[in-house]
Structures are given as structure tokens and as C-alpha cells.
Amino acid sequence: MGWNMPRGVLISCIVVVTALALVPLADSRYLIDISTEILVYVLFALSLNVIIGYSGNVSFGHAAYFAIGGYANAILLTTYEWPLILSFPTAVVLSGLAAAFVAYFCTRLTDIYFAMLTLAFAMLVWAIAFKWRSVTGGDDGFVGVNVPEFIDGRAPFFYFTLVIVTISSAVLWMICHSAFGQTLVAVRENITRAGFIGVNTRLMRIGAFVVAGSFAGIAGAIFAMYNRGVYTESAFWTESAQVLIMTLLGGMYSFFGPAIGAATLYLLERFANEYTQYWPTVLGVILLVIVLVLPEGLVGLAKRVRERLAGGN
Amino acid sequence: MGSILRTTVVAAALVAAGASVVQAEIRIGVLYPIAGTGAVYGTPAMHGHNMGVDEVNAAGGILGQKVVTFARDTKLKPAAAAAAAKELITKEDVQILIGGLSSAVGLAISEVARQEGIVYIATIPKTIQMTTKKLHKYVFRTASHTDFEGDAIGQLVKKLGKKSVCDIQLDYAYGHDLAAGIEKGLAKHAPDAKKVIDLRSKLGATDYNAQITQILGSGCDVVTSGLWGSHFVNFAQQAGPFGLFDKVTYISGGEIASHEIAGKMGKDYPKNVISNTYELWYDHSFPGHKKFQADLAKRSGKKETAMWPVLAYIGVKFVAAAAEKAGSMDADKLSAALEGMSIDTPVGKRTIDPKTHQADAGQFWGPMVKKDGVDYRVMSPVTFFPAKLD
Numbered sequence: 000m001g002w003n004m005p006r007g008v009l010i011s012c013i014v015v016v017t018a019l020a021l022v023p024l025a026d027s028r029y030l031i032d033i034s035t036e037i038l039v040y041v042l043f044a045l046s047l048n049v050i051i052g053y054s055g056n057v058s059f060g061h062a063a064y065f066a067i068g069g070y071a072n073a074i075l076l077t078t079y080e081w082p083l084i085l086s087f088p089t090a091v092v093l094s095g096l097a098a099a100f101v102a103y104f105c106t107r108l109t110d111i112y113f114a115m116l117t118l119a120f121a122m123l124v125w126a127i128a129f130k131w132r133s134v135t136g137g138d139d140g141f142v143g144v145n146v147p148e149f150i151d152g153r154a155p156f157f158y159f160t161l162v163i164v165t166i167s168s169a170v171l172w173m174i175c176h177s178a179f180g181q182t183l184v185a186v187r188e189n190i191t192r193a194g195f196i197g198v199n200t201r202l203m204r205i206g207a208f209v210v211a212g213s214f215a216g217i218a219g220a221i222f223a224m225y226n227r228g229v230y231t232e233s234a235f236w237t238e239s240a241q242v243l244i245m246t247l248l249g250g251m252y253s254f255f256g257p258a259i260g261a262a263t264l265y266l267l268e269r270f271a272n273e274y275t276q277y278w279p280t281v282l283g284v285i286l287l288v289i290v291l292v293l294p295e296g297l298v299g300l301a302k303r304v305r306e307r308l309a310g311g312n
Numbered sequence: 000m001g002s003i004l005r006t007t008v009v010a011a012a013l014v015a016a017g018a019s020v021v022q023a024e025i026r027i028g029v030l031y032p033i034a035g036t037g038a039v040y041g042t043p044a045m046h047g048h049n050m051g052v053d054e055v056n057a058a059g060g061i062l063g064q065k066v067v068t069f070a071r072d073t074k075l076k077p078a079a080a081a082a083a084a085k086e087l088i089t090k091e092d093v094q095i096l097i098g099g100l101s102s103a104v105g106l107a108i109s110e111v112a113r114q115e116g117i118v119y120i121a122t123i124p125k126t127i128q129m130t131t132k133k134l135h136k137y138v139f140r141t142a143s144h145t146d147f148e149g150d151a152i153g154q155l156v157k158k159l160g161k162k163s164v165c166d167i168q169l170d171y172a173y174g175h176d177l178a179a180g181i182e183k184g185l186a187k188h189a190p191d192a193k194k195v196i197d198l199r200s201k202l203g204a205t206d207y208n209a210q211i212t213q214i215l216g217s218g219c220d221v222v223t224s225g226l227w228g229s230h231f232v233n234f235a236q237q238a239g240p241f242g243l244f245d246k247v248t249y250i251s252g253g254e255i256a257s258h259e260i261a262g263k264m265g266k267d268y269p270k271n272v273i274s275n276t277y278e279l280w281y282d283h284s285f286p287g288h289k290k291f292q293a294d295l296a297k298r299s300g301k302k303e304t305a306m307w308p309v310l311a312y313i314g315v316k317f318v319a320a321a322a323e324k325a326g327s328m329d330a331d332k333l334s335a336a337l338e339g340m341s342i343d344t345p346v347g348k349r350t351i352d353p354k355t356h357q358a359d360a361g362q363f364w365g366p367m368v369k370k371d372g373v374d375y376r377v378m379s380p381v382t383f384f385p386a387k388l389d
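Heads up: the sequence lines are chains D and E, in that order. In terms of numbering that gives the first Met the number 0, the first sequence is residues 0 to 312. In terms of numbering that gives the first Met the number 0, the second sequence is residues 0 to 389.
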């Protein structure tokens, strides 16, 4: 099967997941918190990369599906008192459906027009969250999410997140390395040629969008429970820009690049905020460096360094 | 296996580094917007906070220990504020949280406080939800709220004998809550006054021409509002040429009587405006204000000081008083001590209701008038409206 993971990658993944599983044993609330948040952003960035890295489109509105997953799970858990086993999958399905709806229109376009339309739809989601105060709490946010007792603790919630993110990442890997994923790459590389060999390129792009939206919904649903709240800013364009930068920073042509980018950017922001008020400046510099020096992100940089070292030998 | 062991050792080292905090001091976590657009509120608030902490430390600290502040920027974003609050609790081991500015940020910090079992004193957020639907054991508010503002506006409409009301609010949580508060205030104090028109402007709006013409066409004799900060500045600049302030009285919450606004607008500040503020640098109605203002002026390097510092200052004073009463920084004991607690502040005595956790944060209300020799409007006469709803 094409999606079998290379041995080295598999071992690295097992090591990382095992190391993460040991985090709660350290008995540091801070470490558990940042690990949980990083895991959520890792999944969020990995999901966006299905659109960017695999189908070759840039979405400026990916936060919309994160927010839909978050709001849906929060509202179903709290307002309607659904059990998690129902609310969580429903939230993911709703995110996927919303992504399908948006993709239907956006995939009529390409390049910057596609990107702008994704942004427009995302801001529509933001506006709905902002205005539909009776349901979403408006700009006060939807605060006080009911979290099931079995994960209502720092360590249990971390393990819940670890399990969900690990499974989701594995599924994403399989999707990206399946025939569907390979066809997406063909569409990315040359959409005209892919069309001529019989690929329904629009359907493939819609598929990529739905997959990405659904997994962003999973990340959002987890984040709503972690924060015990969802806020309109989750759907705002700045959030979409943040996850886009995470993806670019890590490297969009590598499956795990966005995960590395998410962890790096999250930690940089965390520590920068503790020592300076000028995080936006730091972010701007990072973006400049990516565009000018690291077009293939950190993974591309590591590859170049490795190649240079090998050449030196 | 070797990799796992190495990772474990690294993780343990990280934890050891983070957990090596020794509690030899009282650690307060402070959350204001101290950079970007919100800094115009957060920076003065930090002046007040630091002044309060310095005074407490000069008097021997809290429970004999030095008070240390750990400040974080909320960026005016609830998720960022929640993350910062968690970091303050889990990494810096703060024993109490103070601050917040917008309603959403206040509610987000309050939720973290509830989860983590740590006391949070909201010094500026006004959303009524914080002390009603979203009330919990560990949240306390020393600021006013929208029902207090609405009640004061109702009293003023009655006092002026106004009969037809135009209401204009910003279309977000504070605007909606204040509109509801004004409805209650009018029903209670001026039941004969009829609401002619309800207008909503977008948060951040700069163009008010449509609303101005609607107000002028509606024939109302008073405008009630909560347009704050630059919203009011823009509204006033655009409404002035239409003669709106010649035709109606403008009664507004949102603290547009504060010197921050009056001083900034100078001669452009319109007539017929009655509004509120938490503090006025030139009004020494309450004992202790003169000294507070002088100290603040020295600290901020300005004779004409802002309104926000007093709110942050009061928050610190409540923490100190509660800790001394509780004899501990334990959250449950602090919470119990804060319930029903009274302290004297530069703007009057403040008491926290034991049931709602809301302080009776009265405000100064009055007409903004011209004064000889001063190039900005000042409030005169100044009337203190105690925060009482019954």
C-alpha cells in the first residue's frame, strides 16, 4: 500500500508520541498545558496542508472550520447537553459539510481568487458567530463549556487530546499517501494535465477541502473543551493567517512540516509574549525570513543542511 | 529505548526548571492590554496597579511578604487572555488574577479562574453576565456594570423631564447589555419616557451620518448612548455640523466624561452632553483622592491624570485587604474574605455584595461644561451616583 509509513518516520513518530505520553508524569501543569495546545495546533496545521501542500491551493479562511467545530461541539455539549460521543462527531461532520459548501463555490476559482473567496466565507462565519448572540454568545464568546467528567482534568484531557490528534494525524497520513492524495499532488503539479488524463480536478479539490475542514473541526472541537470556551476570534482572518504561517514555517511540501511549524511558532509566540510586547514584529520577521530565505520551511532547511553535510563528506 | 530515556530526561529537566519557584512572596498576575490599540487603556491601568502595589509594599507587603506583579498582555483577545492567565497560574504560580478590559476578555479570564480554583478580580470589564449567569465562587468585580449605568441614565432622563428617547449603541456585547440596562432604568425611573428609535452601530464604526439623520428625523428630545472612546469622538464631530447637540440632550455611559476624552477633544467636545466617569482628576469629593491624584500625577508625569488607574489601584487594595483578613492567599479563604468586604478608596467606599460578588462601584455623572481659562470641558456640577439598584 502506498500509504505505508517509512520505518524511520514510524519510529520517530512512536518516540514523539511516547515522549508526549510521559509529559503528565512530570507533574507540571504548565508543561501539560502547552503540550495540549501544541497538539491542537499541530492537527490544525496538518489539516490546512491538505489544501496547501497537497492540492496546491492557498486558503485564507481555514479558521472558519476550526471555529465551526469548536462552536458546534461547545453548543451541543452545553446548551443541548449532548454526550461527547455524539457532540464531537456531529461537530466534525458540520465542519466537513461547511467546508463542502464553501468548496463548491471556491473551487470554481483558482489562485488568488480562490484564496480571496475562502477568506470571504470565513469572515461570513465570523460575522454569524458575532451576530448570533443568543446561540454563540456573540463577542462575549461561548463561555463555560461542559466537559465530560472523564476528561475534566488536566492530565486526562491531555491524554484525550493526544489520542485524538495521534489518530487524526495517522488518518491524515493515510489520506495524503493514498491514491486520492497522490492524485491531489498531480492536480497541484499540473491541473491541466491532470484534467486531460481523466481526473475530475474540481472534485479532487473539493475532496481536499472537505478533508481539511473536517480535521480542522476536530482541532476546534478539542480546543473549545480545553479552553472551556469558544470566541469569535477563532474564526477571524488573523487566526487563518496564523495557521497559514505555521504551515509555511514548517514546510508545506512535507507531511510533518506543518506540525513542526505549528510547534515552533506556538513556542516562539509563548516565549516572546513572556518577554516582549512585540510579538507581531517577531511574527513579521518570521514571515519575511520564510518568504525570502526558507520557501520550503524548516523541513526544507533541514534537508538542505543535510545535503550540504553529505556533500561535504 | 535510548531515545525514550533521553526524551524523558529532557522533559524532566524542563519541568524541574519550570517548577523551581519558591513561594517567598505574594505573586499577583495582572492582565491588561499593554501593547497595540488597547494600550491606551492598559498602560494607565498598569500605572494604577503599580502604584497600588508600591503602596502595599511600602506598608510591609501582604502577610509580611513582598508583593510581586507578573503582567501579561491580553491583546484584547479572550483566547489570548485565557492562555496568558493559564500561563500565569501554571508557570509563574501566581496566587490571584486581576485585570481585564473588554467583556469577552473578562469572561475568558473568569472561566480560567473557575477551572483553576483561583480568585479573579475584574477591575474594568462591565458585562452583566460576569456577576449573574456566569458567576462563580472565585470571580469578583470591582468595576461598575451596565445595569448600574442604565439605572443612572434612567434617573437622569426623569430628572430632566425628557419624554422621547433615541438610543444609539454599539452593536456588540457592551452595547446590547447597556441598551437592556437603559430599558430597565427607564421603566423604573421614567416610565412615561417613550423609546422612539433604537440604533446600532458597528463596533469600530467611523461613519455615523445615517444614524445622525435618523435621530434628527425622529423628533426625540434626548439621546441615550454608550458610544465610547473614538466612537463618541467621531459621532460628535459628524453630528456637530447638523446641530444635533443644539436640539437634543445627549446622555451617555461609556465614561466619555473622563478626562481622556474631554482633554483629547478639547474645544470640539459638544455641548448638552451628560456622561459618567469613574474618577476625575480635578474632583476631590472623597477623602484620600487628593493624595492619590498627586501621587499618580507624579508617577505618570502628567498633572491631568487619566481615569483608568484608579480601577486597577482599587483591585490591588481589595487583594491586600482580603489577604490580610483571610490570613492567607488560599483561594477559598480569599473568596470568603472578599464576600461582603468594604474598603475605602480614593473614589469612595466600595463594598462587595456577598451574593453577586459585585462591588457597589458608583460613578460620577454630570454635564460637561466650559470653564474659564480651561481649553477642554469639565464636569460641573459633579454628582456621585451610588451603585444601588433597589
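Just so you know, the hints here were simulated from the structure itself, not pulled from any lab data. Hints should not be assumed to be uniformly reliable.
Stated by the list, open to error - With a straight-line cut-off of 35 Å between C-alpha atoms, the simulated DSBU-like cross-links for lysine-lysine are:
| hint | chain 1 | residue 1 | chain 2 | residue 2 |
| --- | --- | --- | --- | --- |
| 1 | D | K130 | E | K201 |
| 2 | D | K130 | E | K132 |
| 3 | D | K302 | E | K263 |
| 4 | E | K263 | E | K193 |
| 5 | D | K130 | E | K157 |
| 6 | E | K263 | D | K130 |
| 7 | E | K183 | E | K157 |
| 8 | E | K194 | E | K316 |
| 9 | E | K194 | D | K130 |
| 10 | E | K263 | E | K246 |
| 11 | D | K130 | E | K324 |
| 12 | D | K130 | E | K65 |
| 13 | D | K130 | E | K370 |
| 14 | E | K348 | D | K130 |
| 15 | E | K132 | E | K266 |
| 16 | D | K130 | E | K270 |
Unchecked claim - Stretch-level coverage of chain D by chain E, calculated; a stretch enters the list once three of its residues show a Cβ under 8 Å from a Cβ in chain E:
| hint | segment |
| --- | --- |
| 17 | 138-151 |
| 18 | 193-201 |
All C-beta atoms, glycine included, are put in the ideal place defined by N, C-alpha and C.
Here is what the structure says about each hint:
| no. | hint | verdict |
| --- | --- | --- |
| 1 | D:K130 to E:K201 | holds, 11 Å |
| 2 | D:K130 to E:K132 | holds, 20 Å |
| 3 | D:K302 to E:K263 | violated, 56 Å |
| 4 | E:K263 to E:K193 | holds, 34 Å |
| 5 | D:K130 to E:K157 | holds, 33 Å |
| 6 | E:K263 to D:K130 | holds, 32 Å |
| 7 | E:K183 to E:K157 | holds, 13 Å |
| 8 | E:K194 to E:K316 | violated, 41 Å |
| 9 | E:K194 to D:K130 | holds, 23 Å |
| 10 | E:K263 to E:K246 | holds, 24 Å |
| 11 | D:K130 to E:K324 | violated, 44 Å |
| 12 | D:K130 to E:K65 | violated, 46 Å |
| 13 | D:K130 to E:K370 | violated, 43 Å |
| 14 | E:K348 to D:K130 | violated, 38 Å |
| 15 | E:K132 to E:K266 | violated, 42 Å |
| 16 | D:K130 to E:K270 | holds, 34 Å |
| 17 | 138-151 | holds (count 5) |
| 18 | 193-201 | violated (count 0) |
Hint compliance for this structure: hints 3, 8, 11, 12, 13, 14, 15 and 18 are broken, all remaining hints hold.
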